[in-house]
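**Q** Below, each chain spelled out in residue letters.
2 protein chains.
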Amino acid sequence: MSTIVSVDTRDIRFPTSRFLDGSDAMNPDPDYSAAYLTIRTDAPDGLEGHAFVFTIGRGNDVQVAALEALREHLVGRDVEALLADMGAGSKLLTHDSQLRWLGPEKGVMHMAIGAAINALWDLRAKRAGQPLWLHLASLSPEELVSLVDFRYLSDAITPDEALAILRDAEPGRAERVAHLLEVGYPAYTTTPGWLGYSDEKLDRLCREAVADGFPQIKLKVGSDLDDDIRRLGIARKAVGDGFPVAIDANQRWDVSDAIAWVKALAEFEPAWIEEPTSPDDILGHAAIARGIAPVRVATGEHVQNRVVFKQLLQAGGMDVMQIDATRVGGVNENIANLLLAAKFGVPVCPHAGGVGLCEAVQHLSMFDYVAVSGTMEGRMIEYVDHLHEHFVTPVVIDRGRYVTPTTPGAGTEMVPASIEQYTWHGAHAGATA
Amino acid sequence: MSTIVSVDTRDIRFPTSRFLDGSDAMNPDPDYSAAYLTIRTDAPDGLEGHAFVFTIGRGNDVQVAALEALREHLVGRDVEALLADMGAGSKLLTHDSQLRWLGPEKGVMHMAIGAAINALWDLRAKRAGQPLWLHLASLSPEELVSLVDFRYLSDAITPDEALAILRDAEPGRAERVAHLLEVGYPAYTTTPGWLGYSDEKLDRLCREAVADGFPQIKLKVGSDLDDDIRRLGIARKAVGDGFPVAIDANQRWDVSDAIAWVKALAEFEPAWIEEPTSPDDILGHAAIARGIAPVRVATGEHVQNRVVFKQLLQAGGMDVMQIDATRVGGVNENIANLLLAAKFGVPVCPHAGGVGLCEAVQHLSMFDYVAVSGTMEGRMIEYVDHLHEHFVTPVVIDRGRYVTPTTPGAGTEMVPASIEQYTWHGAHAGATA
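Top to bottom, those sequences are chains Z and X. Note that our numbering has the first sequence beginning at 751, numbered continuously upward. Note that our numbering has the second sequence beginning at 751, numbered continuously upward.
Because the hints were derived from the structure by calculation, they are not lab data. All clues stand as given, with none of them false.
Since the list can't tell identical chains apart, any single copy or any two copies may satisfy a pair.
Straight-line distance between alpha carbons at most 25 Å, and here's what the computed DMTMM-like set of lysine to aspartate or glutamate pairs gives:
{"#": "1", "residue 1": "K1013", "residue 2": "D905"}
{"#": "2", "residue 1": "K841", "residue 2": "D1007"}
{"#": "3", "residue 1": "K1093", "residue 2": "E920"}
{"#": "4", "residue 1": "K987", "residue 2": "D962"}
{"#": "5", "residue 1": "K841", "residue 2": "D779"}
{"#": "6", "residue 1": "K1013", "residue 2": "D949"}
{"#": "7", "residue 1": "K951", "residue 2": "D781"}
{"#": "8", "residue 1": "K841", "residue 2": "D974"}
{"#": "9", "residue 1": "K1093", "residue 2": "D1007"}
{"#": "10", "residue 1": "K841", "residue 2": "E818"}
{"#": "11", "residue 1": "K841", "residue 2": "D781"}
{"#": "12", "residue 1": "K1093", "residue 2": "D1069"}
If we strip away everything but chain Z, and leave its shape as in the complex, we get (with noise of 0.2 Å):
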């Protein structure tokens, strides 16, 4: 039996807003930071479980300090039996009544949560000796239903028919972990797109997307609409015709607003418009939905947790779900959103970029690949090509698509030299370098 005998936080920020990487139409100069939590015990092997919130700067010390609120609950836990029952380990954070209040399930302390849960897979796989998405798609399906708090889920999916899809997906999963090892998953970039970029980085960018072998690209709009339109017109020229061109509004408009846009957009005809509105508006992207079909609604990366995709998914308002890997309760309530996806027919298509989100993020697709909807069709995994040097299992793309990672944990971990050198004491420790 070993021992959790420590639960760090680091308060880690990155000066992105110097170069306007990451700027959209309501976050005009993001520091993309970490909250960054390694759980350390005594077993022998000396394995350690890493992960983190993504934030976007301000705040990142709110976001630790909620970190540090769970070590309490961690701290001289016995390692063996929180990880062999994952489900219990999740509600054990999630179901703490006091700090429920903070949310419910939602906001600081719901990330927070989400992170511990992260770290303790990170540590699981590499116990396992497999990386995640893998060792995820080794459980059985009854040990996979069992890690879902299917709280206020019962009227969309029940335990039951989450079980009958994941015994659907068993037969083919040996052939599809082979497949996903020789083919990797696709990847589509958001890189060439950001509103702070000027058109003749725009039009290179784009070139350089389609020739670099993505299946799509996105741009963010949503500020102006000539812009917009300018935007768009430069973009589809690069790319050519038929080429896929997501637009991404990053919540930035009211209902009727939402659907005058996007339809004086139509023309350059959309793979999908992303947050056209607040993300808490489920009726709102219902009617937006309705408004603009065929373009197709993706969100998901603000959704705070599987009750507002349950929701979404009902009421007809995401055609494309956008699960973000430190947005949720962890793994755990990812899972839920995979299995919510696959019962109601949605392609799934994460949200990444950031600080480390390719790196997470991928676990979970690859795992749904195998095990939940089985298939890669209509699915990519957002890609933007910064801050992966920083990780210790960075992502690797190769012709458009991400390489199927084979290093035991989940992808979370960060190099110990970009930790020291982005720890945030208050002033951009990186600045100099």
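We have chain Z already, so just place chain X on it with the hints.
**A** Quick look at chain X alone, frame taken from chain Z:
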């Protein structure tokens, strides 16, 4: 001109779990707490702004960390300019794009922003020499509309519609102020109904509530159906036929459970069922409302923001709106909520109890009566009789009604000795009191 010179925070916790006050189906052992904020200026008047976020114990430190994160937005700012345009002041905090990522507009960060806004209102009302309810009710319809962030609301209510509602209520304001000062505002009591109380105590407290003149009581339900039937039987017998008895499940159920459980309790004619399921489940609330009609659905104490309130109204999932003074983005967002309720013709019966929630929220109901809905018909404010002694201007209840406060300010200032005694240092300092 004066300047904000300090923003001080305190982690204040009361050891309420020892007596099972506040015990319900989801919160078995709350320690009522306040993440407390004091804004001081260099003005010669020496007036301060006080406010807090109510929590139930663990995590109050996280909430304090979120208050701390707002200091840099406030210290050094011109007080008169800030207070003169509280619409802009509210957006200054709510629209900080980096902090917004931590919600958006929900959970720990949003509640902290709400507390900062409430502290500014406390200061402004004190400077005006008016209790907050009267101060708000003295503003013109145009000024009130300028306080509201209509983003994401325009499919339900526009600024022009809000203006029309406020103008309609304008002629009777002076009369209603006089009436309010004379008769106060109706209260209902939750004191009898906590799950942790014995049958004997329940019976006694129900009889006392009626004798004290309260027009309604509320019982916690949802842990065990047989217990609920027995306890509702005791309560019904104690208060007599026809006396309103509301019930509160504190988010315990899924949709179908809620419908079945409430139907099983229908013989006791509940005045409403409160929080039957997740506060995030708009479609679930609507399904429950359809399934249990004519029993009414009440919710709101955990509703994160105006966008969710909007949808609960649009979907027909909320027959009674229960705003909370410290859950959303402060006075400003609660004015939006009151306007939404007026637009949809739904009565507002605020959530209170906890620590200081009665002191704070009474001002919003009284403002609503004078300047928004123009009526107390079917309205009442929750009341629980603990912890009032810790406030400088504790609520006064007389024959089942809140006595209208006349002291300048928002009612949110705590007694210095209580702040000292109950400041948390990792243990209940008040334990030996």
